[in-house]
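Quick one: dock chain against chain with the hints and give me the complex.
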Amino acid sequence: MAPAKQSDEDMIHCRLDELLDQRGMTLTDLSREVGVTLANLSVLKNDRARAIRFSTLAAICRVLECEVGDLLVIG
Amino acid sequence: MKTAFSAKTSVNVAAKVGLWLLLIAACGVAVAAILRLVSTVGYAITGVTTVTLPGLGFSRTDPSGPSVLGPKVQQVLHGGNIDLVLHDLPGGALVLNTAAAILGQLTTLLVCAAVIMLCWRLLRGVPFAPTLTRSISIMGGVLVLIGVVVPILQGFSKLLIVESLDNVLTVESPLGKGNLDYYIVFSVDLLPVVLGIALLLLAAVFAKGAQLQRDTEGLV
Chain A
822 MAPAKQSDED MIHCRLDELL DQRGMTLTDL SREVGVTLAN LSVLKNDRAR
872 AIRFSTLAAI CRVLECEVGD LLVIG
Chain B
-6 MKTAFSAKTS VNVAAKVGLW LLLIAACGVA VAAILRLVST VGYAITGVTT
44 VTLPGLGFSR TDPSGPSVLG PKVQQVLHGG NIDLVLHDLP GGALVLNTAA
94 AILGQLTTLL VCAAVIMLCW RLLRGVPFAP TLTRSISIMG GVLVLIGVVV
144 PILQGFSKLL IVESLDNVLT VESPLGKGNL DYYIVFSVDL LPVVLGIALL
194 LLAAVFAKGA QLQRDTEGLV
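Chains as they are written, first to last, in the numbering used here: chain A, 822 to 896; chain B, -6 to 213.
So here's chain B without its partners, still in its complex pose (with noise of 0.2 Å):
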């Protein structure tokens, strides 16, 4: 009887251990990630961005140069796709890539949040609060939000950007021009719609509990 009382004790502790080091993990990764945001809101204010673009060229190399596609590009990063790196940005593409970036960094911010909100719950011992239950459907609902919008912004800052640049449809360019649909179906992450229905689903299991906790409620 020792023996399991202390067993129980052991696991009991080595729990909420792990609860702690994983809440104050994802502290600091929520403190990355606004340090992130904070950093891709400068670099847009400067001007110079990194985007990643399809290479629908006939061409691999651009044996000229990355003047072959105009004054705005600085570097040429060969691969299956193109990365660039830009400045002076066309003025709505800069928004929407922008835009498109910080709700990017906003799923990781949710996720923490999530995650700290469920840890702290749980070391207090009341998992089952109708707060939590509704802050968690809300997170779900915004990350698979985020999962359709930010798509639809990266394509049409793609497709701006392409339009911007110089000689794109040369034998020359690396780049060739899709159109619109392409370039969203190109930028689709599926990570935050499937973070945003785990929550979802997450959301209605605590419903769940909240519910059998009611029923339990004066049982002695």
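Bound-form chain A, shown alone (with noise of 0.2 Å):
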């Protein structure tokens, strides 16, 4: 059981790196201007992120201006 949900989770890639360096923006500003720590958005980057509040995924895509889609993909 815990080996197949490691390796599901494995399975999203956060492509925060990539919509951030299209906009021109930091992480600092995108913390600033969503409201979650820096330290989580990291945690996010990063891909070690185990969970995301749908809240947190809403305030992010509408400052980045993408969809759900654009911002976490499988593989």
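In short, the hints are calculated from the structure, not lab data. Even for Gly, the Cβ is constructed at its ideal location relative to N, Cα and C. Check before you lean on any hint, since a few could be wrong.
Quick list of the computed label-pair ranges, beta carbon to beta carbon [as the list claims (entries may be wrong)]: (1) A:Arg853 <-> B:Pro123: 33 to 39 Å; (2) A:Ala879 <-> B:Ala203: 26 to 32 Å; (3) A:Ile833 <-> B:Pro123: 38 to 44 Å; (4) B:Ser3 <-> A:Ala879: 26 to 32 Å; (5) B:Leu184 <-> A:Ser863: 49 to 55 Å; (6) B:Gln204 <-> A:Cys887: 31 to 37 Å; (7) B:Asn5 <-> A:Ser863: 24 to 30 Å; (8) A:Leu878 <-> B:Arg127: 43 to 49 Å; (9) A:Arg853 <-> B:Leu184: 51 to 57 Å; (10) B:Ile27 <-> A:Arg883: 55 to 61 Å; (11) B:Asn5 <-> A:Arg844: 18 to 24 Å.
See below:
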């Protein structure tokens, strides 16, 4: 059970780096706009997050003007 | 929004101040318990001990004064129970009585230690640590054990003391003599057991909290 769960989590990749680069924003700017700590955004950016709140997801997509599928991809 | 934020900040500050006050109070009580423990041992060394015994005798008053029960008795204080101030206790009774008194003070120290640890963890913002849960569990177990052991020690001590006194079974004696079971039941104090059970339940709650905290690790 545990190994299968870990591999499912590893399949999700967060494209926060690419999206920030495209928009010329830094992680600090995003943290300020979204209201999520820099540490948590860094966890998300480095694919170390195990779960994400809908409120966080919605706030990031609103600020970056993107869809959820642009931010999170499988593979 | 600003008002709500100010109210929340005020509550946080008040909570922190309350925790600090509780921590300082617990430290004070712990110091007092340590001093009392030292004085208990000191009194035991001098050989003067105050013992509360059930008044099983027929006579409620002792017109002959303390001498009816022998030279060990310095004073007899009358009430529902009989408080005796004794010196030159038999060795076994002195050791058992002192051990029971020390374990009784240990109850206070353990509860203070638990309060201090909890306050410190809450002030640091990391309450659900495995070490804290383990420590609280051990303290709770020890308190329950103390609640069981101390009455047994005191029961044996009281029986030895009564057996060492003179004229206990005479009409003039306020004491009378019971059996070991009676003295053990007379010495039962449920407070350490209740506190121990409370700490064990608290440890279970903290263990659940730690599990929930682990489940939310990595949640952004």
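Here's how the hints hold up against the structure:
1. Under the hint 33 to 39 Å, the C-beta atoms of arginine 853 of chain A and proline 123 of chain B, about 35 Å apart, fit the expected range.
2. Range check, alanine 879 of chain A to alanine 203 of chain B: Cβ separation about 30 Å, and the 26 to 32 Å hint holds.
3. The given range of 38 to 44 Å is broken by isoleucine 833 of chain A and proline 123 of chain B, whose C-beta atoms sit roughly 29 Å from each other.
4. A beta carbon spacing of about 31 Å between serine 3 of chain B and alanine 879 of chain A agrees with the range 26 to 32 Å that was offered as a hint.
5. Range check, leucine 184 of chain B to serine 863 of chain A: about 50 Å between beta-carbon atoms, so the 49 to 55 Å window is met.
6. Glutamine 204 of chain B and cysteine 887 of chain A have their C-beta atoms about 35 Å apart, which keeps the hinted 31 to 37 Å range intact.
7. About 26 Å separates the C-beta atoms of asparagine 5 of chain B and serine 863 of chain A, a value consistent with the hinted range of 24 to 30 Å.
8. In this structure the supplied range 43 to 49 Å is violated for leucine 878 of chain A paired with arginine 127 of chain B, their Cβ-Cβ distance being about 37 Å.
9. For the hinted restraint 51 to 57 Å between arginine 853 of chain A and leucine 184 of chain B, the CB-CB distance of approximately 54 Å keeps it satisfied.
10. The supplied range of 55 to 61 Å is met by isoleucine 27 of chain B and arginine 883 of chain A, whose beta-carbon atoms lie about 59 Å from each other.
11. Between asparagine 5 of chain B and arginine 844 of chain A the Cβ separation comes to about 36 Å, which falls outside the hinted range of 18 to 24 Å.
When the structure is compared with the earlier hints, violations turn up for hints 3, 8 and 11 and for no others.
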